[in-house]
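Chains as they are written, first to last, in my numbering: chain A, 23 to 451; chain B, 23 to 451.
Simulated from the structure, these hints should not be mistaken for laboratory data. These numbers come from a predicted model, not from an experiment. Treat the hints loosely; a few may be bogus.
Pairs involving identical chains hold if they fit within one copy or between any two copies, as the list cannot separate such chains.
To be verified - Cross-link-like lysine-lysine pairs, in silico, DSSO-like; alpha carbons within 30 Å at most:
hint, residue 1, residue 2
1, Lys176, Lys82
2, Lys384, Lys64
3, Lys232, Lys165
4, Lys122, Lys134
5, Lys97, Lys170
6, Lys64, Lys165
7, Lys318, Lys289
8, Lys140, Lys170
9, Lys384, Lys165
10, Lys384, Lys90
11, Lys82, Lys384
12, Lys170, Lys90
13, Lys165, Lys176
14, Lys170, Lys82
15, Lys47, Lys304
16, Lys82, Lys50
Protein chains: 2
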Amino acid sequence: MADKAQIQEAIEVQGEEVRKLKSEKASKEQIDEEVSKLLQLKAQIGEDDGKHQFVLKTAKGTRDYNPKQMAIREKVFNTILGCFKRHGAETIDTPVFELKETLTGKYGEDSKLIYDLKDQGGELLSLRYDLTVPFARYLAMNKITNIKRYHIAKVYRRDNPAMTRGRYREFYQCDFDIAGQYDAMIPDAECLKIVYEILSELDIGDFRIKVNDRRILDGMFAMPWKEVRKEMVSEKGLSEEVADQIGEYVSLQGGMELAERLLQDQKMSQSKQACAGLTDIKLLFSYLQLFQVTDKVVFDLSLARGLDYYTGIIYEGFLTQTGIAAEAQNSSGAEESVSVGSVAGGGRYDGLVGMFDPKGRKVPCVGAEVMYKKNPKLLSQLQYCEDSGIPLVAILGEQELKDGVVKLRAADISRADLIAEIKRKTSEA
Amino acid sequence: MADKAQIQEAIEVQGEEVRKLKSEKASKEQIDEEVSKLLQLKAQIGEDDGKHQFVLKTAKGTRDYNPKQMAIREKVFNTILGCFKRHGAETIDTPVFELKETLTGKYGEDSKLIYDLKDQGGELLSLRYDLTVPFARYLAMNKITNIKRYHIAKVYRRDNPAMTRGRYREFYQCDFDIAGQYDAMIPDAECLKIVYEILSELDIGDFRIKVNDRRILDGMFAMPWKEVRKEMVSEKGLSEEVADQIGEYVSLQGGMELAERLLQDQKMSQSKQACAGLTDIKLLFSYLQLFQVTDKVVFDLSLARGLDYYTGIIYEGFLTQTGIAAEAQNSSGAEESVSVGSVAGGGRYDGLVGMFDPKGRKVPCVGAEVMYKKNPKLLSQLQYCEDSGIPLVAILGEQELKDGVVKLRAADISRADLIAEIKRKTSEA
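Using the sequences plus the hints, can you model the full thing?
Next comes the structure, spelled out in structure tokens:
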């Protein structure tokens, strides 16, 4: 007798077959035949003898990582880690679960995606949904007002994940945040520079980083849209249909010059908070120019981020190419072309720490999170990943070229050979 | 008005004061006065205005790690990781939660300590209790019969933790396991060698590794204790009281010679499974002698390990010294002398993978887990931990001396300086 896992797999395959026939509008006879096979399979599960009833699987939306996948993860994390450390960040760790009330009221609508722990007669707990809220709780609890910290750890969301796109219910976030009082936009620009550096170094194809400001969005939504519509039709000669798309602003993309133009815009300039946002975007782009990252960073008024806690600048990094998912989970075993899309995001959240402080004292914060997803291109590129067996390695990547440095890495060398080995290496150079 | 967290702290301090006075049998007046203060504090909590009601804390039995503590953790993990890799292990990762039924029936009485997730309308899930059961599930699911794997990750137990001893509800385990068919006791001996190497390299004080065999324990419990008692009194001249301590065998400690002696023991030799265990212990010690680790490994018949899944050799590593816990959590703020005790453990579990396999196919496995606890001695020893700013480091530790190698590690060097730097280093050497 076939085992339960095999039968369940057969049921899934058979179910797919039935659905396919129905969508193809196959003959009733044909469909009935396949449905009957499906029912037979389902009956088999019911007739099981009670032995070895285990369904051998991981929880929905989660996965194991085998040694090869772990080697890739290590490589990716080392790149990210190297960037975070280069920017002078320290790391902290927080528990995987928090008091439920710590997470309450921080995520808006997304709160329904939080995993709760069962009430087993103690505190009410939830799995962390991101690393930002635990970070704010940590700052408030330890009365820290100034820190550059990174945190690479798993977070949990009861989402309906598209696993073929690398989305899971358990996934890693790599967070970098700057807390403390600084001149306006300096830490914000550093966070964008970090996203730029990491996406460049990971070498996962071309990317763009969209930037917007929460206050510009809020300002836009507060506008008297009837008047905006009238202006669009009468003054700018747009058709009424186009004008009805109140998201007209939202199609705007640009850089510093767009922020300047919008500051002159009659409607936009009526909103104090939109002006504050636009002024900050202008200042931000002046720093981004100094950092030489404006080739990939774009001011995009359509960018919105769901979480409640953002108060200023928001940003998101996107891969612009579609990749081939080597392990796309379709039943035919064929490869699927998938779009990975957003891979990093963040923004300014000046109010979050204050929500935890008994006296409401605010600690201004800004940060980026990089999502770790299964990446098809890297998967095929990095077949080796471990530096075993190679006694002395000089690493000369894009970043090292930029910085004018060479990374020198050495493995175990026998003591007797040490001097000779280094001398030989240096004389060869 | 003081905030809630401050008041709750004050309530705890005041509660302690009251208990102290009661235990000291202080005067009724004195106790009444302090009780009234306590009630006032409790009333304050009730009168709170509903604003900022957050209790700023981590979940019971969990803690944050600050950057200094993280640097120590990194140092410790690098040592452990280095040992695992030296022994040729690969790493895997599994989700933090499993289907509840995956954990069912694996931990005996300890099952009550498993954290369950709330039923939010999907699968029933539990947080992993160890890394061994998920590993067995992984092997069965992927039909892997041969692997040396390590896994460093957090596990969860709803224990009443003694946090001053470094015990928490969320803690790291560093697991190394060998799955597959090998000549008897070869992988078991390697696991013990790894515990020996790690405890030596971590330099956390003297240690012992106790070894026993599940079958010897089972054999002992199956013995006719009345006869054993009679024999002890009549033949060995022991007092009746001593003989009544049926745990007489259990006080025995030794090495290979003890296993040999017990194989001759009339009672012990009647149990087939005890004999099998003793024969394996003998063979194990012959390998341990070759590995030169018998100075710290002791055959100890008192050693028992709680988990249901062990089938053969079991072992546990203990620190023999008491340390000073720098952050002992007593109210006076004074340091406390604490015993860390068991820091590593493991054994052979030949039946576990078969419990997941629909056909019950067994995969013999053996492995060690090293518990990561806050370690007082390391805490004071490692104040720097990061190798930043030092361009070229030669590491010559105990292990490197033993292996006759030097670990050479280099940081970023400017390209222009590369040749000069290495030449300078080598000419100095």
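Hint check, failures only: Those not satisfied are hints 3, 8, 15, 16.
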